[in-house]
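Visitor: Okay, here's what each chain looks like letter by letter:
There are 2 protein chains.
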Amino acid sequence: MKLIILGAAAGGGFPQWNCACANCARARRGDPAARPRTQAALAVSVNNSDYVIFNASPDLREQILATPALQPRSGLRDSPIAAAVLTGGDVDFTAGLLNLREGHRFALYAGRRILDLIEDSRIFRVLDGGLVPRRELPVDMPTRLADGMGRDLGMTVEAFVVPGKVALYAEDASRTDFGSSEGDTIGLRIADDAGKAFFYIPGCARVSADVAARVRGAGLVLFDGTLWRDNEMIEAGLLPKTGARMGHISVSGPEGSIAAFAGLEVGRKVFVHVNNSNPMILDDTPERAEAERAGWTVAHDGMEIEL
Amino acid sequence: MKLIILGAAAGGGFPQWNCACANCARARRGDPAARPRTQAALAVSVNNSDYVIFNASPDLREQILATPALQPRSGLRDSPIAAAVLTGGDVDFTAGLLNLREGHRFALYAGRRILDLIEDSRIFRVLDGGLVPRRELPVDMPTRLADGMGRDLGMTVEAFVVPGKVALYAEDASRTDFGSSEGDTIGLRIADDAGKAFFYIPGCARVSADVAARVRGAGLVLFDGTLWRDNEMIEAGLLPKTGARMGHISVSGPEGSIAAFAGLEVGRKVFVHVNNSNPMILDDTPERAEAERAGWTVAHDGMEIEL
Chain A
557 MKLIILGAAA GGGFPQWNCA CANCARARRG DPAARPRTQA ALAVSVNNSD YVIFNASPDL
617 REQILATPAL QPRSGLRDSP IAAAVLTGGD VDFTAGLLNL REGHRFALYA GRRILDLIED
677 SRIFRVLDGG LVPRRELPVD MPTRLADGMG RDLGMTVEAF VVPGKVALYA EDASRTDFGS
737 SEGDTIGLRI ADDAGKAFFY IPGCARVSAD VAARVRGAGL VLFDGTLWRD NEMIEAGLLP
797 KTGARMGHIS VSGPEGSIAA FAGLEVGRKV FVHVNNSNPM ILDDTPERAE AERAGWTVAH
857 DGMEIEL
Chain B
557 MKLIILGAAA GGGFPQWNCA CANCARARRG DPAARPRTQA ALAVSVNNSD YVIFNASPDL
617 REQILATPAL QPRSGLRDSP IAAAVLTGGD VDFTAGLLNL REGHRFALYA GRRILDLIED
677 SRIFRVLDGG LVPRRELPVD MPTRLADGMG RDLGMTVEAF VVPGKVALYA EDASRTDFGS
737 SEGDTIGLRI ADDAGKAFFY IPGCARVSAD VAARVRGAGL VLFDGTLWRD NEMIEAGLLP
797 KTGARMGHIS VSGPEGSIAA FAGLEVGRKV FVHVNNSNPM ILDDTPERAE AERAGWTVAH
857 DGMEIEL
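Chains as they are written, first to last, in our numbering: chain A, 557 to 863; chain B, 557 to 863.
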């Protein structure tokens, strides 16, 4: 399997359009230790020809232009993108679908709650159901991926519920959980027919016992690296929300992902969906060094992994 | 007034993600006569500090990163974008609004039919109404633009109905006009307080007598340059639709925009919203030369005009 990180940043990207924090300012002025990153998405292929994208970031058009493997192969209109799989309903995971209009046939997979959100926004009808079949991804059972014509893609996906939050635009302010429900955020185990497999979990509020049990001993996990500290956006004066409020675990601390993964014997651990406020997004910070000492890599756009 | 062309291409951009036509292939391989262009949008300021964007293309994040005038000025979170005005409901005119989430206050102006379409897609609720007030732009009367707090922006806009079509995702296949109605597409006259004015008409199916009468004698018109010939996409095997079917006039021919503007004594004529199939998008084609001989400029990204 070949993996291409199309985007490694959290919602808003790096730099974020309206953010002048020290990190974004460094990225904007071209500091080599502050590499720009687009919003999180992943492309995977088992044959170097057909690709499945995992999440459709608002930056998808730019990501395709930067990725020769996703450009037309033959014929006048063509795309290697055979299917898209969504792990959440937020803008940074779904809006890029709108870039995939223009008559291309592909399959759209997501959990029921996420498909319902797509259905609820008329603008997504620009992807005609006859060309872009919606397919529900059940949880806790393997699903064989196929393209828009039903052709097998040599990839099996198992979706599972992770602690998360309903999409921001669908929050119900009258409820303490904002109307969140099981299945608003999912994690994925992605496997080929040669027995290679990895986990893609770009959004996750907590490493629950179930998540820990699933990833234990895995060869590769790409995991939510949104914030370094739960309250870093509040402390920096950027946004009055904690990571927990946004449905994202922190990297550091006793409840953080570094600690939670410490005993899980995962072969390769990669942070994706890294927020612009997270000091580990910079190459030259103590936090980056700490993450690397704990065995983690911080993903960057265009990074490729062969399994 | 200062105008910045944020994007000069039609829906899909140039090159288009899934298109391998000769034009897109040249753009993709870096041919200097085939400059890449993002999807059509315009930024205008009367004070070089506050900007109004006209249409929000899916490429807006990329366009902001490429345009220093639209980047944060002071403070931790800031944007010069004080208001957005929409001339249609299609994805290439509206999807970029999703990039403007992240707590920024600005005003959203559009005609009633267009606002209704936004309202109809739950995902746009990511722009909280308390931060991003929706303001109906009436037709045929001047509207003073103000930012999200009601602060005057020194700009007056007059919207008028132009021949057009309902957004693709809202088409009603059971009707011969696809459910199109007056106000699905609007044109704008934009004026400052010093008496400078110009027209922005990025989508228009026909230069009606009303449109002709309005633009006659204008100093500057930015106009729909989608297709060279009405059937060029069919002839090229790209899409089984004419320009008329898509709600866009052609540039050439007796019914085209060059002919229609010939006697209108417009000072400066600029084509925007140019499709990747249009030969005039290339710097070295006979069609580009013909448009220029007729007094037209073909816009490119980053082009600035001072009025």
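Don't take every hint at face value.
Each pair may be met inside one copy or between any two copies, as identical chains are not told apart.
Stated by the list, open to error - For lysine to any residue, the following SDA-like pairs were computed, each having C-alpha atoms within a straight-line distance of at most 25 Å: (1) K797 to S630; (2) K797 to R633; (3) K797 to A774; (4) K797 to R700; (5) K797 to P689; (6) K558 to G809.
Read the hints as simulated data drawn from the structure, not as lab findings.
Visitor: It remains to establish, for every hint, whether it holds in the given structure.
Guide: Tested hints:
| no. | hint | in the structure |
| --- | --- | --- |
| 1 | K797 to S630 | between (47 Å within a copy, 22 Å between copies) |
| 2 | K797 to R633 | between (44 Å within a copy, 15 Å between copies) |
| 3 | K797 to A774 | neither (32 Å within a copy, 50 Å between copies) |
| 4 | K797 to R700 | neither (38 Å within a copy, 35 Å between copies) |
| 5 | K797 to P689 | between (36 Å within a copy, 22 Å between copies) |
| 6 | K558 to G809 | neither (33 Å within a copy, 50 Å between copies) |
Consistency note: the structure conflicts with the earlier hints numbered 3, 4, 6.
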